[in-house]
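Novice: Sequence:
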Amino acid sequence: MPGEIEPWEAVTAVRPDTAHVRALRFLSTAGDLLAAVVLIGGGMGLIGLATHL
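By the numbering used here, the letter at position 42 of the sequence shown is numbered 45, and the numbering carries on one by one without gaps.
In case anyone wonders, no lab produced these hints; they're calculated from the structure. No residue lacks a Cβ here, since even glycine has one placed at the ideal position from N, Cα and C. All clues given are correct.
Per label pair, the in silico range of CB-to-CB distance: (1) 49 with 6: 53 to 59 Å; (2) 44 with 5: 51 to 57 Å; (3) 56 with 22: 46 to 52 Å.
Using the sequences plus the hints, can you model the full thing?
Specialist: So, in structure tokens, the structure goes:
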């Protein structure tokens with residue numbers, strides 16, 4: 004029937020594909036990558052400090 008939702012649509016978030024939504028996804032991904040780099044770099048820095056003490 005037109006206008007009726009499928010059963011999978013009732014439990015799955017369907018995001019509209021707009022520029023605004025894509026920008027938010029990009030910022031979220033970029034933030035995750037930046038956090039990973041900071042955590043890994045910080046860990047390497049701490050290990051470097053610990054080996055020189």
